[in-house]
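Protein chains: 2
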Amino acid sequence: MRNQNKMRQTGCPVAFGLDTFGDRWSFLVLREMMLKGKKTYGEFLGMNEEIATNVLADRLRHLENEGIITKSRDPENRRSNIYALTDKGRDLASVFVEIILWSGKYDRRTIALKEAVDKIKKDRKRFEASIRAS
Amino acid sequence: MRNQNKMRQTGCPVAFGLDTFGDRWSFLVLREMMLKGKKTYGEFLGMNEEIATNVLADRLRHLENEGIITKSRDPENRRSNIYALTDKGRDLASVFVEIILWSGKYDRRTIALKEAVDKIKKDRKRFEASIRAS
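Top to bottom, those sequences are chains D and L. Going letter by letter, the first sequence gives residues 1 to 134 in my numbering. Going letter by letter, the second sequence gives residues 1 to 134 in my numbering.
Source of the hints: derived by calculation from the structure; they are not laboratory data. The reader is advised that the hints may include incorrect statements.
Pairs involving identical chains hold if they fit within one copy or between any two copies, as the list cannot separate such chains.
[To be verified] Taking lysine-lysine pairs in the BS3-like style, the calculated list, with each CA pair at most 30 angstroms apart, reads: (1) Lys-88 to Lys-36; (2) Lys-38 to Lys-71; (3) Lys-121 to Lys-71; (4) Lys-71 to Lys-122; (5) Lys-88 to Lys-105; (6) Lys-122 to Lys-105; (7) Lys-105 to Lys-71.
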């Protein structure tokens with residue numbers, strides 16, 4: 001589990017970023033929102049990496065507390081919630097792009113997916129804009 | 001502790017990046033190398049975030065296994081090791097820059113350190129070059 005209350009007090013911007021969005025499951029939830037347009041708990045639960053229900057609930061609460069996502073009632077289904085990125089969340093698009101480019105260069109596995117890498121190489125600005133619009 | 005053998009097999013470049021360098025302690029060790037020019041176990045142990053010895057040893061081994069850093073004997077002290085970034089490690093400079101910029105925008109705490117943020121805003125290319133030269 002992610003450690004709670006672990007915002008480190010050193011003032012370092014790298015540590016701040018890691019403590020805010022940088023645990024791996026949080027980041028994968030953001031990927032589902034940014035790259036796949038997912039919006040609901042049920043949709044996140046279906047991610048390929050098989051996130052556990054308690055971990056997903058914890059990370060959604062964490063990201064909401066950090067002001068990176070918002071939660072609101074689905075107007076079409078009042079028993080369901082819709083999650084959306086805030087500006088603070090959308091501004092992580094550049095971090096995503098750099099991680100994808102780095103992985104595209106160094107992931108030699110045959111299973112490596114190149115679609116996002118190729119899109120960024122072709123038109124980075126367009127790709128970032130599409131993430132921000134998610 | 002970081003989970004061992006947790007390289008996820010979905011082929012996603014975001015997951016690959018996170019599994020390779022994205023646990024928080026690994027990233028802080030890289031920060032010590034890139035931004036502070038540290039090279040030895042003893043120097044890393046002195047980081048402000050107070051890393052535990054077993055965690056530090058684990059992360060150094062992990063980063064070496066992933067080809068992000070190399071370890072060699074210190075020619076001036078044969079009981080000590082020198083750690084250095086590989087090209088694969090240096091190529092994370094862009095990821096660092098984006099995280100620092102994002103944190104610079106959103107860390108409202110009074111303890112937030114702005115030095116790196118200001119340097120990047122002033123001359124990003126120069127800052128990245130200085131990281132790569134570390």
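Hint by hint, here is what the structure shows:
Proximity of Lys-88 and Lys-36 under a CA criterion of 30 angstroms is satisfied in both settings, with 18 angstroms inside one chain copy and 28 angstroms between copies. Only within a single protomer do Lys-38 and Lys-71 lie at most 30 angstroms apart by alpha-carbon distance; the minimum there is 13 angstroms, versus 42 angstroms between protomers. When the C-alpha separation of Lys-121 and Lys-71 is checked against a cutoff of 30 angstroms, the pair qualifies neither within a copy, at 33 angstroms, nor between copies, at 33 angstroms. In this homomeric assembly, Lys-71 and Lys-122 never come within 30 angstroms of each other (Cα to Cα): the closest approach is 34 angstroms inside a single copy and 37 angstroms across copies.
With identical chains, the CA atoms of Lys-88 and Lys-105 are at most 30 angstroms apart both within one copy (28 angstroms) and between copies (9 angstroms). For a Cα distance limit of 30 angstroms, the shortest separation of Lys-122 from Lys-105 qualifies both inside one copy, at 15 angstroms, and across copies, at 28 angstroms. For the homomeric pair Lys-105 and Lys-71, the shortest alpha-carbon distance between copies (23 angstroms) is at most 30 angstroms, but the shortest distance inside one copy (35 angstroms) is not.
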